[in-house]
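*Asks:* Here is what each chain is made of, one letter per residue.
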Amino acid sequence: MTLATDAPVTPAVAAHPDVESRLLIGGGQREDLAAYRAAGGYAAVDDAERLLDEVDEAAVRGRGGAAFPIATKIRTVRGGRGVPVAVANGEEGEPASVKDRWLLRTRPHLVLDGLRLASLMVGADELHVYVSDPASAESVTRALEELRGAGVWDAEVAVTLVEPTYVAGEETAAVQAIDGGPALPTDKPPRPFEAGVKGRPTLVSNVETLANLPLVQRLGATGYRGLGTYASPGTFLLTLSGCAATGLYEVPFGVTLTAVLTWLGEDPAQVDGVLMGGYFSGVLGRQVLDVPLEYDALKALHSGLGCGAVGVLSAGTCPVEVSAAVMAYFARENAGQCGSCFNGTAAMSAVLDALRDSRAEAEDVERLTGWSVRLRGRGACGTLDGATNVAAALLREYPDAVRTHLDGTCATCGAADEQPVPAAPFAVAPPTAA
Amino acid sequence: MKIKLDRTKCDGFGACARWAPETFDLDDWGYVSLTHAGNVAPEHEDGVRRALLDCPVHAITELHTVAEVDATR
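Quick note, the sequences are listed as chains A and B, same order.
Numbers 360 to 793, taken from the numbering used here, label the letters of the first sequence in order.
Numbers 1407 to 1479, taken from the numbering used here, label the letters of the second sequence in order.
By construction, these hints were calculated from the structure, which means they are not laboratory data.
Take these hints with a grain of salt, some might be off.
As the list claims (entries may be wrong) - Derived Cβ-Cβ restraints for the label pairs, each shown as a range:
{"#": "1", "chain 1": "B", "residue 1": "His1470", "chain 2": "A", "residue 2": "Ala371", "range": "53 to 59 Å"}
{"#": "2", "chain 1": "B", "residue 1": "Ala1443", "chain 2": "A", "residue 2": "Pro376", "range": "33 to 39 Å"}
{"#": "3", "chain 1": "A", "residue 1": "Gly558", "chain 2": "B", "residue 2": "Lys1408", "range": "16 to 22 Å"}
{"#": "4", "chain 1": "A", "residue 1": "Arg434", "chain 2": "B", "residue 2": "Lys1415", "range": "28 to 34 Å"}
Note that the Cβ used here is the ideal one computed from N, Cα and C, for glycine as well.
Between the sequences and the hints, there should be enough to build the whole structure, so can you do that?
*Replies:* This is the structure in structure tokens:
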């Protein structure tokens, strides 16, 4: 098992044996309108209110990382002042995740159908798809052309393509870019549900979240709940990296990482921990192996599923080095807008770099500990929170590694089997749909 | 009184924290965040209004309820 050093890599795509492949389709072929309709897509909606109740009952949560209940969000947007706008957010700035680009490239109609259902439930009369991946934009544009005149759904959907950055996927960055501004986050309030695109209440939903809505329509809440756990029903798209089985997998909520790795032919005994939730939740020790992969169980470990990206740390990978690389990424890729963020990420990065190189003193680690607590919530977007998570997680999960780096006695660093850590650890690129 | 702070505008001048330290919390580099989610206690309102006027980059604004805004129309 090795850390992916030749990033970006092209992942495999497969559904877990317990899953009847709800979100993934095999073959690598892009699903066109005819194929999607043959599978029951774009089904008529008799009662949008009842569908919203079903979505509520199915407990679908946001898959962009925040895990906010989508039904609650729809009701809140709908209750705002003005006619709502709906945005499918496919800007996947997270380096360790490929799911959004895969969905847009391969199953654009599933996402558009989800946007259709969301717009019906929220009462939106203006629809957008927001992406930074040119292949995703092309796939969605093709899908909209397929729909034109087909008598299936006559919607006007605008596609906005921005430069890919870590912060561009934040919902206020999406709103600002759609309104013609830079793809940079803005401070809250207002949040998009209050005043978003053109100042109207705006539903900004991750594309995987939207892709679950047609599933709820087809299966009903009870059927949808046939997989997953009570609190986290259904399946999610897991981007796994850092091992030979690097790939995109659809797994039921509540499955353990041990079960996933065993299914994929990996040896869980070789795993020393993970980088959890993409770059947002920081490292997590070996106890992650037998914890159900679902929101509440990971929250109880002070971690989070985030966007569903998991980077595997092998025994030859130093968690200090990985954390330093992720923090350096934040210091490099933050929006450069909020002083607490550009100063805080740079300062935490300097300490982690020094710790990685065994140049840090105990006082440096004390400062890092303080920042990991005090800087939380001090940025306009989530970047600084992600950075504080990375620092706090390392200090919490790997105290021995921190100590050996202070002592200069880390057994992993410099060892013969040490895995080099690239500038963007666990970065993956989506496969191109044919 | 309720205020909002645009942290993307704040340049760390710190005038706000001098006038209303209970409301404006400085980080290690002099950049500010709001305490109490921008809800200002009556006894701190004067200091906050001075901070609002003194901010060189106009990062602080007073928020009004929908009812207050409607009442002015």
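*Asks:* Determine for every hint whether it applies to the structure shown.
*Replies:* For each hint, the structure was consulted:
Take His1470/B and Ala371/A: their Cβ atoms lie about 55 Å apart, and the range 53 to 59 Å holds. At roughly 47 Å, the beta carbons of Ala1443/B and Pro376/A sit outside the given window of 33 to 39 Å. For Gly558/A and Lys1408/B, the hinted distance range of 16 to 22 Å is satisfied, since their beta carbons lie about 20 Å from each other. Separated by about 32 Å at the C-beta atoms, Arg434/A and Lys1415/B satisfy the suggested range of 28 to 34 Å.
When held up to the earlier numbered hints, the structure conflicts with hint 2 and nothing else.
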